[in-house]
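2 protein chains.
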Amino acid sequence: MITNIGTILLQKMEGKEVALRGWVHRQRVSGNMVFTVIRDPSGIMQVAVKKDKVGEKDWKDANDAYVESSLTVTGVVKKDDRAPGGYEIQATGFTLISRGEPFPIAKDLSEEFLMDVRHLWLRSQKMTAIMKARHFLDNYLREYLDEKEGFYEIAPPIITKSGCEGGSTLFEMDYFGEKAYLTQSSQMYAEVFVFALGKVYVLAPSFRAEKSRTVRHLAEYWHLEPEMAFYDQKMNMELQENMVHYAVDKMVREHPELLEACGRDVNDLKKVTLPFDRMDYAKAVDKVNELGGKMEHGQDFGADEEAILTKTRVKPLFIHNFPSDIKAFYMKDDPAKPGTVLNADLLAPAGHGEIIGGSERIWHYDELVTKMKAQKLDIKDYEWYLDLRRYGSVPHSGFGLGIERFVKWVLNLDHIRDTIPFPRTINRCYP
Amino acid sequence: MITNIGTILLQKMEGKEVALRGWVHRQRVSGNMVFTVIRDPSGIMQVAVKKDKVGEKDWKDANDAYVESSLTVTGVVKKDDRAPGGYEIQATGFTLISRGEPFPIAKDLSEEFLMDVRHLWLRSQKMTAIMKARHFLDNYLREYLDEKEGFYEIAPPIITKSGCEGGSTLFEMDYFGEKAYLTQSSQMYAEVFVFALGKVYVLAPSFRAEKSRTVRHLAEYWHLEPEMAFYDQKMNMELQENMVHYAVDKMVREHPELLEACGRDVNDLKKVTLPFDRMDYAKAVDKVNELGGKMEHGQDFGADEEAILTKTRVKPLFIHNFPSDIKAFYMKDDPAKPGTVLNADLLAPAGHGEIIGGSERIWHYDELVTKMKAQKLDIKDYEWYLDLRRYGSVPHSGFGLGIERFVKWVLNLDHIRDTIPFPRTINRCYP
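Chains as they are written, first to last, in the working numbering: chain H, 1 to 431; chain P, 1 to 431.
Treat the hints as calculated values from the structure; they're not laboratory data.
Take the hints with a grain of salt, since some may be wrong.
All copies of an identical chain are treated as equivalent in the list; a pair is satisfied when it fits inside any one copy or across any two copies.
Listed below are the simulated DMTMM-like cross-link pairs for lysine to aspartate or glutamate, each with C-alpha atoms no more than 25 Å apart in a straight line [what the hints assert, rightly or not]:
hint : residue 1 : residue 2
1    : 12        : 147
2    : 373       : 81
3    : 380       : 112
4    : 12        : 149
5    : 132       : 147
For clarity, every value in this text was computed on a predicted model and none was experimentally measured.
Can you make the complete structure from the sequences, with help from the hints?
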């Protein structure tokens, strides 16, 4: 009966005989002893192989093992304060499943090389912890929307005939002889469903052919895009903060060990309490300038300005009421603050910056057409979208959260590329 | 305080004053009465508007309403056996939110037109029920893997440098000046993780540029692809049947109303019990011929043959041990039955056909290379995949389930296009 490392540690199986399957994490040979730290999907554990306690073949296998060789080990669990996790296994058997070749990843390798062997680097302790954490964070976001708020998830199309946010960053493809594009956002498709299902979301890949080489851009990313009938912008922002808080709070309570494995100080995340902070766009611009940045009213925030605004904060900050003319055509003007829209970007604290953009949508046909014309869009590219305002339109709001940016913040990672297994950037789509 | 139709019916709110928001489903004017059946995301309900019970403006609104106009209604709930659901609302107020234009969808419209106005057709009762059912089915599949089996979900890349199942059905695209392709399967990427996370799955879009115009092909579909370390083909098949059974059984128990709204006989699904049926490939070929089909040993099953095999069945059928040379290079040969692989396709009953393809994977480097050469594949296109066998390889298995084919079967739909909101087929990627 095979067990796993997590179970041994959790159940404190001291003195028990166990069998494990795993991989060599690191190894040290010392006379008639081999100390092998092995890993399995649930953790790492030291195995002490003593020459006179195992058969000849097993002793040879223990000596022959490379880093990342796969193996089966049997033995007795002993308490040992020097071992990682406080326990070690004194081996009675050690069999290589596959010795394989010497593992190509050691210390101090270049970032470029690690990206070339990404399929192997993903086995590292840190990448494994990140992928597990991302799994749980995705689940908590879904769980909040599904169970707490009664949303339906919808599968959007990926191949489309037109872009949502403008043509310059579209990936073009050949679709059975016709030009088509990879979706940049499923917002418009999600809007279709507010008239039938009320509250819906999409969680799917989006694509942007952006030439940016920054720590927060990916050409291919996962996008959570909820749309809600009868929500105004105030309700929209409350939903966002409740959802983000739910996921962060649950992560802190259920998987602090993964947060720590990623190098995130769990106490910092405990300060992410409700409500989040709110600041008007105009005030935020003044604040940037006051804090040593330099920007003019009417400009959008870049990564530097967002870093300035959030550097010393402990919880996310909504910046709301952006100037109408620097924001997308579908955002509703705020009747109470002419020239601005009912929108907000949500910036993560400690310099991470934007994780959500959201707004109340224009739901009147004439208002939408007027704004599209002002932004010089071609109405005929949006006929089906305009239909949503022609037939039984209702007020609605929505937002888009970039999963990788969210994960980058929650795990406090330096670079967005480590939030996704196989990052696609301007100079890489391999492996 | 706004309520919804589902709550009124569930709580049998007879005699209560309620307020609802919704859309006109259908309408009949009769003298000084307007009978409006309205829908909201939770159901449909009849509203009786009597001229002398509402204000003048409200009476005009009720008379002016089009099918799909959005509205708010207030009134008192009365039992009425003639009304859908057994209750009706006697209106005290009726206000159009947006009257809009006459709705373009009436009865007897062509399939082509309905695809052109898909963004509106998705509001229909049947499409709404299908989308809700798909949401729950997706959730139950995930729930089984996450909670019952401890899988991790992984985000795969969509843009890749090579195909998994051969080049002829790849969609090509321009990736910053280089040729790249949309993924046909995330299997190989999922395999990366069995060495670190043990049991993983991907649930993401896959793409096939197939020129087939059939009731079961889509150019863009959602693909559930689990991979499991240390699973042999027997465990793989057991996992598949347990997962499928879990989702179907939970759907029957929790949402029979959605199944019925899709036209599915719930009693038929109750016959989907464990274990599923199993048949050897060779026997299945004989069976096809015996039942009036015509195929030779060594051929693969097409839709017709699968229909013949499953037409009179009540539960899914595994066909296992296909000839090695008609199956993918990564499938492990069965040492007990030379010339065949350790694989199985799972066919849904009642003519629906294949929903899953799975196999034990070759995990030895030499065995994999030999088979790739026999299938005339270019080894250098698979270098990173071969690395998975170079370093600490372990036995593993996996499978791919087509979400839309699964939904088509569970809901007993005629055509796969209705399982997905915006189907992409050879002649359509709009809206």
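Checking residue 132 and residue 147: alpha-carbon separation at most 25 Å within a copy, between copies, both or neither?
both (22 Å within a copy, 14 Å between copies)
At most 25 Å between CA atoms: does that hold for residue 373 and residue 81 within a copy, between copies, both, or neither?
This pair counts as neither: shortest intra-copy Cα distance 71 Å, inter-copy 51 Å.
Same-copy or cross-copy closeness of residue 380 to residue 112 [CA-CA at most 25 Å]
between (45 Å within a copy, 20 Å between copies)
Is the C-alpha distance from residue 12 to residue 149 at most 25 Å within one copy, between copies, in both cases, or in neither?
between (40 Å within a copy, 23 Å between copies)
Cα distance capped at 25 Å. Does residue 12 pair with residue 147 within a copy, between copies, both, or neither?
Between copies, since 23 Å is at most 25 Å while 35 Å is not.
Checked against the numbered hints given earlier, the structure breaks only hint 2 and satisfies all the rest.
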